[in-house]
Each structure stands twice: as structure tokens, then as C-alpha cells.
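A.B. asks: Residues per chain are reported as follows:
Number of protein chains: 2
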Amino acid sequence: MELLEKFKQQTFKIKAYNYALNVVGWDSATEAPRNAFQRRSEMMGVLSGELFQLNTSKESQEVVYGLFERLEELSDLDKKQVIKAKKGLDKIIKIPQDEFVEYNKLVGLSQRLWEDAKENNDFELFRPNLEKLIDFNKKFVSYYEIDDHPYNVLLDDYEEGMSMKEYDAFFDTLKRDLVPFVKDVLNSGKVLNDAFALDSFDKAKQKEFCDYLIDVLAFDRNSGVMKESVHPFTWNTHPGDVRFTTRYLENMVFSSIFAAIHELGHATYEQQIDNALNDTILGGGSSMGLHESQSRFYENIVGRSLEFWEVHYPKMLELFPEQLKNVSLDDFYRATNKVEASLIRVEADELTYPLHIMLRYEIERMLMSDEVEVKDLPKLWNSKIVEYLGIEPKNDAEGVLQDVHWSAGLLGYFPTYALGSAYAAQFYYAMKKEINVEQLIKENKISEINAWLKDKIHQYGQSKTPKELLLDVTGEPFDAKYYVQYLKEKYGKLYL
Amino acid sequence: MELLEKFKQQTFKIKAYNYALNVVGWDSATEAPRNAFQRRSEMMGVLSGELFQLNTSKESQEVVYGLFERLEELSDLDKKQVIKAKKGLDKIIKIPQDEFVEYNKLVGLSQRLWEDAKENNDFELFRPNLEKLIDFNKKFVSYYEIDDHPYNVLLDDYEEGMSMKEYDAFFDTLKRDLVPFVKDVLNSGKVLNDAFALDSFDKAKQKEFCDYLIDVLAFDRNSGVMKESVHPFTWNTHPGDVRFTTRYLENMVFSSIFAAIHELGHATYEQQIDNALNDTILGGGSSMGLHESQSRFYENIVGRSLEFWEVHYPKMLELFPEQLKNVSLDDFYRATNKVEASLIRVEADELTYPLHIMLRYEIERMLMSDEVEVKDLPKLWNSKIVEYLGIEPKNDAEGVLQDVHWSAGLLGYFPTYALGSAYAAQFYYAMKKEINVEQLIKENKISEINAWLKDKIHQYGQSKTPKELLLDVTGEPFDAKYYVQYLKEKYGKLYL
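If you read the protein sequences in the order shown, they are chains G and Z. Those letters in the first sequence? Residues 34 to 529, per the working numbering, in order. Those letters in the second sequence? Residues 34 to 529, per the working numbering, in order.
Next up, chain G with everything else stripped away, as it sits in the complex (with noise of 0.2 Å):
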């Protein structure tokens, strides 16, 4: 079919020129000097204008609509792509080609200046550039004419047929059932001691011992960076081509190491994905929640597991005898599952994480129906974090402004956070049925956990969703009653 042959070749250049951006991306992320932003800044905007051209051309048109009115010719694998095709370019149509360049721009400069403003604790100087990502978003959303709150029209861009409705839903259960725990362990007077983690830890031998983790969790090297940057994350371009970054900070060496760990959960996913997605719209990851039900499983179920350290701490103790001396392996996992009332979100332990989610979505939710306007949102921010954990921020930095993600122009994003630690305890109870998941960890043999995930989820990319996955791979639908088990039983065994 001659429309499919087109569909193809330009789904080839779009890769290209996304490929271009991303690397740039990365570059700028993770190296480029202070000066450079302004002159990219400019370049990605004319480079961001004709990709947007190629994505919506007359011919484009003609191709996606053309394909889709002839679903029913295609292969299994087409009829998948063409559909996400449509949907992308139902939306993306829609845009003024002016305004998406100026948003691209927008979005360059502000995640520069939301590092200048958490920097100087300064969220002036970061508000004017997010009340116009917001501004833009809601902009965006109105032009695509779907009867639906603006806010479930973005939940639905990062997690597909995710909306309000369910999210509620998701985060009543956690507050019916896992609330009330949360508060008995908070109380329960037992204090793990992990005053070690906040020794000094040479930021070198902290990058060793990252370094040390790549390996360990069998991820491919001659097909991967890891480096450093402000904020934790994961980049691919194919699976040839996946890098990580990771943070250190001399006086809290677990950030280094469980960013480490859930960015190589992240990766994996990414590594692992059939090279046959590689020219199709279906490479990467199924959902912003399954990538992160890939990194938490890694970075909790694997990476906080007393059978983890069993074999790791050594080279732990190796790398620092010092601050180790008197620290025995069972004090160093417990202190690995800490639980308190904590600020910063990417330090968060797994069980107070998801009330960091809650607040997060709460205020989104507020944002996008107009109930909260961004100057009010430092008040708002710490008024509910005081509400939920009881603690309030000293400054900015260390509130509202301690996330990327909204600096990225990522509303919506958030929520896919919790929803991926429940979707990782779902994926864990039906792993443990057909391998012995704590042996493996204890004899270092991850690559063989690799091999589970990859052929149950990972080699699937995007050619299956969330839900086909969660059905395929445990036989039921999605149901957070395994999250709320899995906590359960690993800190009612730690603190109750």
C-alpha cells in the first residue's frame, strides 16, 4: 500500500529530527556551559518549528487519515501505530505553528531559570515563566475541543485512559487502607538509625560505587552513559542508545545510590524493547506509569531488599571503612527503608512517597480548574505538606520549587508517579510465582529478573498498553490492593 510506504518514510524523518532534539536535550541537560541557552534556545525553535511542519503537513494529513479510514487492511503492528498516530495529530493539528515554536522556546528557557530561582530560593523569579506554561497548556488543551475537564485531557497524555475519575479513586483506597498504616508506623516510636548516611562519603567513590551498580543490575554499558545532572533522569533515543544521570551529594550517599538504581530501572525497560520498534511510533516505554513501575520495582522491591545488601554492602564497606566501621549490614538495610515525615519528594522513602503524589496531583488538579492562582501556590504548597506529614519547608527550594517537572512544561505527569509503585507490587506477586525473585537478588543474578521483565513487558514497547500488559502479565486488571499489601507486610515487618 503506497499510503503505508509514505506513513513510514515519514515516520522515519520525524525520528530523525527528534532524535536531533533529544541529543541536544541531553547535551543541554547534562554539559552545556552557562551562555550556550540563549543561541539553542533559538536554534531548537527553528528546528522544533519545521519538525512540527512535518508532523502536521497536508501530506501528513492525508497519510494518518487516509490510513486510518482503511484500519482494517493493516497489520496488527500499523493498525496500532496509525491509531496513536491520529490521536497525535487530532491534537497536534490543532496548534498554531507560531505558538508551539514560542512554547518550545518558553520551555528551553524556563527549566534554566527554574534551576537559577531553586538555586536562590527565588520563586518570583521562576513564577511569571510557570503562569505562562500553564497559560500555554490550558491554551492547548481548549484547541483540541475535547468535552473533558482540561485536566483529564492532559492525565490522558501521560497515562492512556487515565482521568480524575480513576486517579480518585486510586488515591481514596491509599488513603482508606494505607493512611491509617502510615500514621501507626509514624508512631510507633521505632527510630531506625541512619545517621551513618549522612557522614561524608567521597563523591568520587559514590560515582565507584554507582558505576559498580551498572553492572549488578546487568545493564548493557556498550549501549549506555551514565553521568551526572541536577535532577535524576533517563534518556533514550533506541535501545542502542540508552543514558542515565545520577546526582551525588557528599552528606546523603542512599540519593546517589537509589537514584542510580531507578534510573537503571528506567533504562532497562529502555534496552530491552524489540529493536523491531525501533522505526515504528511504538518504541519506548508502554506509559509514563509502567516506566515508572519499572524504576520503583528496581529502585524498592530490588534495590531496598535486605537480600540486595546481603551481597552488595561488602563492597559498601570496601569503598568506605570509615563511615561504616560500626554499621552492620542489617542496621545499613534498615536504614535503606527509613520511614519519616520528609520535604524533598526524590528523597522521599517508599511509604510516605505517595502523599508527596496526592499533594502534587491535588494542586494540579486546583491549577487546571482555575481554583488556585500560581503566585498562591508556596502557601498552598506548604500548607498541604503540613497538612499531610506535618512538616513545613524553610524555603522554596525545598518546597514548591524542588521539582523539574512543571519548569518542563509536565502537568499531568505527576500522578503516574504513585500509580507506578502499585502497578510494580501487581507485576512483583506475579513474578514471585514463577521465579524465586529474593533468591536471585541474593546470588546476583539480575540479568535472569532482566530476562522476566523483558519478556513478559519490556520487549513489547509501546505495541501493548498498560492495561493489556497488567492483564497479560498477572491475569487481572489493575487493582491497588497489591500495593497496599506489599507495604504492609515489608514495613509492618520493619516497624510494627
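One should not assume that every hint holds.
Because identical chains cannot be distinguished in the list, a pair is counted as satisfied if it fits within a single copy or across any two copies.
16 Å max Cα-Cα, derived EDC-like pairs, lysine to aspartate or glutamate [as the list claims (entries may be wrong)]:
id, residue 1, residue 2
1, Lys41, Glu75
2, Lys46, Glu75
3, Lys120, Asp180
4, Lys487, Asp253
5, Lys260, Asp60
Hints are computed from structural coordinates only; laboratory data are not their basis.
Please build the complex by placing chain Z on the supplied structure of chain G, with the hints as guidance.
C.D. replies: Only chain Z this time, still in chain G's reference frame:
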């Protein structure tokens, strides 16, 4: 004028594509994992094709040739742009797009292959690609339909106005006036001891010293980055983002230091170009030779001077007290200027360096005249190096495979290196008439030398040709006698 406005828009768009391709290039050379390359090459092929189309579109031709007919109506700067654009277009429109795309892919793959070939001393691994690269170059030249020797066409590409005739004359001067002098030095019986420099120098500390040099040479850290790569190079997109690399060899401490100073010379040139030239096609250094004159000036005239080490040797002593405990300042200075017959161009001393270039010039000349086949290059190379320096490579890695240039399709580039050194000497004698160069180095005020070079040379970018710059700065045309004079003065003192 509407045509001029179109030209400027077109230029801006082309710059955006080049920007992205450049960033991807930097990424490939310094960071991308091994398995990234195949895909990168495909993606860059698409974008190079797009760029080629932009450059050669009917609209672009109308604009450039249209403006060329109305040169007298243009400002001086616009006139220069149009003449340059027309010259480029004359060449490029004659190359079929598919060949251009294929060539760019080939270059991408060849650089990786060259690295492998060099690592494994395996010329045969690289040979088929080198043959293809040379064939492409010949074919492209034939498309230009310029009535001249193919090598002349390439030589002119890298240094406008230079041909075999000029280079033959230049190298003849060196042969007549310099070669006997080099022989005297090599036969002087005076051996400068630099054994200490082959001791083990911790790479992290070498890096610390190179980082220190960034400030010594007053390089703007907010507009630049230093990194590591197999072959040191300088990279830039505009004066706000100029990057350079060096390489650290544990047993060759001079290698990282002088590569860093050399690249800092290139990088300082780029940082000091007038920002107003950014949106024109006259940004960047005036020519390859001019660029090399700056890197060689900083590396040899500044960096290998006694005055330089009077100020900075204490820092070396601080970092390497053990290795340098029996080395006086004078020993150290002399060791940085040790003359010897050696195999590796980038490690060659200042005096024998032009012989390495002469060899490459002669080989390229033969290749482009079909006087030698690629398969015979290793033999030819080895026989010539024996002839000029009396030593023979143990393997091709230290012979014909040592340089990156041919793998990047750069033929006709090498001779600009020797020309650059000669330019540098002529500029140096002009500079000495106006500022006390040695005193400024001694007082660690290199920023004042930078300022002189910015004022006389750097700011102009490509808005002045090499010939114009030589005349304006030194009051006379290029004359190789200054180069010979400089070398004889310096090495006469050291050796005779």
C-alpha cells in the same frame, strides 16, 4: 531588499540544522556509547539530506545568484556573505543529493572504524572505507568542473587561495632554510633530558592542571567546556558555546598539557569573535591556517616559553612533588622543547613538526594524482618517515593510522598546520613591536595578549581573509622567513 531578507532567513534556518548536527557530532566524539553509532548514522543521514536540500533548493539558488548579480547594492559585510555563499553553492549544487547523504553516512561510520583499526593496528579494517572516502572526494571535485588539479580544489577549500604551487614554494623554503638547521640540531650531540616526563602522572591530577590552565589562558568558563576524547579537538557553535578536549596519558604528561593549551588557542579565537557575526555566514575563524596559527601561538610561543613556566611550574610541583623532585625549572622548560626524531605528529616537537606535515602533504598529493593506491599507503608512509626522520613505525597505529583526519574525509587539511605555524611567527614579530609579550606571560596577564589578538584578528571572524589579516596586522604579505627566523633563534639558543 526582499531578496536579502530571504537570504538572512535562509541562513538562520541552515544554522539551526548545523547547530543540531554539530551537537550530535560533539556527543559522538566524546560520549555516545558504542551501539549508538549505527542508528545515529541513519538519523544524521536524514538530517544531512534535509540540510542539503535547504542549501541547494531552487529558492536558495534564486536568492544567492540573484544577490550575486546585485553585489554593488550590498553592504560590505553582506557582499562578503553572498560571495562566500555563491562559491559554496557553485560547488554543492553539482553533487547529487543521494551521494551527499551517502558520503555523510560513510564519514560517520568511518570515524568509528578508524578508532577500531587504530586500536587493533589493523589498516585493512579501515582501508575499504578510506578508499571510498577518497573516491568520493575525487568524484565530488570532478562534479565541480573547475579546471584545475583535484588536489588544488581541495587545498583551496581549507585555505582560500592556496594551491600546490604556493605550498610547494612554502615547503621549498623550509627545505632550503630549515632542514639543514634541523639536521644540525639533531646532530648537535646535545641531549635534553626529559625522562622525568615519562614517569607516571596521575590522570586526575593532570586533569586538575589542565583545568588550572583554563584560567591561566583566561578562557571564559561560562561559554565553554573542557572534556576528554581520543583525539583532542575544539568545537563550537557560537562564541557563547566553545568546547575543547584533551587526552590524558599516564606516562606522557606533556601530552595533555600541550594539547589543552593548543585547543585553548583555537577555543579562545572562537570565543573572541564578534557576536554580531553570529547570524551571518562569516562567524568562525578566518581559515584553517589562521586557526592553526592561533593554537600554535598559544601552544608553542606562549606555552613552551621559559616565562610561562616561571609562573606555572610551581603549580606542577604542587601537584607532582614526587615526579618532579629532582627537576629544576630550567630542566622542565628545556624538556618541553626537546627536539627528536619521533613518529607521532601530535606528540612531535615544534621543530620537526613541519616534516610530519610535509610527509602528509606529499602523500595526499600522490593520492589525488593517482600516483599511489590506498593499499600501498602503509609502506609509502613508513618509507617516507624513514627518509625524513630516520625512524620506522612498529605498526600502523603509530604510522598511517595515527590521524583522525582522513577518516573524517579531510583531504588537503594537513598542510594548513604547517602554514599556521608560519603565520603565527609572523604575527608574533608584529605583536612584539606593540606589547611586551614575554613580560605579560611572566606576569600571568595572558588576558592582555588575548585582547591584542581579539582586536587585531579574532573579532573579525571570516569577515577578513587570511591575506587581509596578514597585511593589516603585520604590514606585509605572508613571508615564511619569520617562521624560519623564529625557529632558528629559539632552537639555536637551546641546542647550538
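A.B. asks: Now tell me if each hint is right for this structure.
C.D. replies: Consistency of the hints with the structure:
no.: 1; hint: Lys41 x Glu75; verdict: between (30 Å within a copy, 14 Å between copies)
no.: 2; hint: Lys46 x Glu75; verdict: between (22 Å within a copy, 10 Å between copies)
no.: 3; hint: Lys120 x Asp180; verdict: within (15 Å within a copy, 57 Å between copies)
no.: 4; hint: Lys487 x Asp253; verdict: within (14 Å within a copy, 47 Å between copies)
no.: 5; hint: Lys260 x Asp60; verdict: both (11 Å within a copy, 13 Å between copies)
Of the hints listed earlier, there is not a single one the structure fails to meet.
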